[in-house]
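Colleague: Sequence:
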Amino acid sequence: MVGPEVPTNLSGTTSGIGSRVRVNLVRSVYQVEASYLPTPHVVIALNSGLERYSSWGGALDLIKSTAVPAFFTDKSEVSCLNAKQVLRNVGLHITQPVTPNPFRSPMKNLTPYCNLPSYSNGFVFGVNT
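Count the sequence shown with the numbering used here and you get residues 638 to 766, in order.
To be clear, the hints were calculated from the coordinates, so they are not data collected in a lab. All of these numbers come straight from a predicted model, not from anything done at the bench. Careful, some of the hints might be misleading.
[As the list claims (entries may be wrong)] Computed Cβ-Cβ distance ranges for the label pairs, DEER-style:
1. Gly695 <-> Gly649: 19 to 25 Å
2. Ser742 <-> Met638: 14 to 20 Å
3. Glu670 <-> Val727: 16 to 22 Å
4. Pro675 <-> Pro644: 18 to 24 Å
5. Arg725 <-> Arg659: 17 to 23 Å
6. Leu718 <-> Ser656: 37 to 43 Å
7. Thr651 <-> Asn719: 22 to 28 Å
8. Tyr673 <-> His730: 27 to 33 Å
9. Ser648 <-> Thr732: 18 to 24 Å
10. Pro644 <-> Thr736: 28 to 34 Å
11. Gly649 <-> Gly728: 29 to 35 Å
12. Arg657 <-> Asn719: 32 to 38 Å
Glycine included, C-beta positions come from ideal geometry on N, C-alpha and C.
Turn these sequences into a full structure, and let the hints guide you.
Modeller: Dropping the structure here:
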């Protein structure tokens with residue numbers, strides 16, 4: 638797992654579940670660390686906020702060039718629609734349509750300015766699947 642929100646004390650550690658699943662934790666952004674890490678089998682970006690953060694550009698370029706399957710979650714369908722446009726702008730094509738995430742938080746996010754359904758990791762969509 639690579640991201641700026643990985644706790645500092647866990648950065649650089651690896652956890653394993655049996656011999657088939659290993660999780661490397663790195664506090665950084667993906668495009669900076671990708672050349673030092675094994676090629677992933679899948680990229681998963683939780684509550685990605687693609688349309689809100691310009692720092693995604695390099696990571697999206699890597700996802701495109703390696704053709705690794707990638708799944709993105711976001712809090713609302715509207716956020717997912719905006720994120721899809723960001724992906725299209727860098728030449729990625731949606732291969733898994735926006736759907737409610739079966740693993741979303743059961744608690745609805747309450748926002749004073751919007752009455753649309755909003756959940757942590759509420760909706761999921763993918764590229765290169």
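Colleague: For every hint, state whether the structure bears it out.
Modeller: Results of checking the hints against the structure:
At about 21 Å, the beta-carbon gap between Gly695 and Gly649 stays in the expected band of 19 to 25 Å. The beta-carbon spacing between Ser742 and Met638, approximately 18 Å, falls within the hinted interval of 14 to 20 Å. Range check, Glu670 to Val727: Cβ separation about 19 Å, and the 16 to 22 Å hint holds. For the pair Pro675 and Pro644, the beta carbons lie near 22 Å from each other, so the given range of 18 to 24 Å is met.
As the Cβ distance of Arg725 to Arg659 is approximately 33 Å, the hint placing it in 17 to 23 Å is violated. Between Leu718 and Ser656 the beta carbon distance is about 40 Å. The supplied range of 37 to 43 Å therefore holds. Separation of Thr651 from Asn719 is about 34 Å and departs from the stated range, judged on CB atoms against 22 to 28 Å. Checked against the hint of 27 to 33 Å, the pair Tyr673 and His730 passes, with Cβ atoms roughly 28 Å apart.
For the pair Ser648 and Thr732, the beta carbons lie near 32 Å from each other, so the given range of 18 to 24 Å is not met. For Pro644 and Thr736, the hinted distance range of 28 to 34 Å is satisfied, since their beta carbons lie about 31 Å from each other. Distance hint check: the CB atoms of Gly649 and Gly728 are about 33 Å apart, consistent with the given range 29 to 35 Å. Checked against the hint of 32 to 38 Å, the C-beta distance between Arg657 and Asn719 comes to roughly 36 Å, which is consistent with it.
In terms of the numbered hints stated before, the structure departs from hints 5, 7, 9, listed from lowest to highest.
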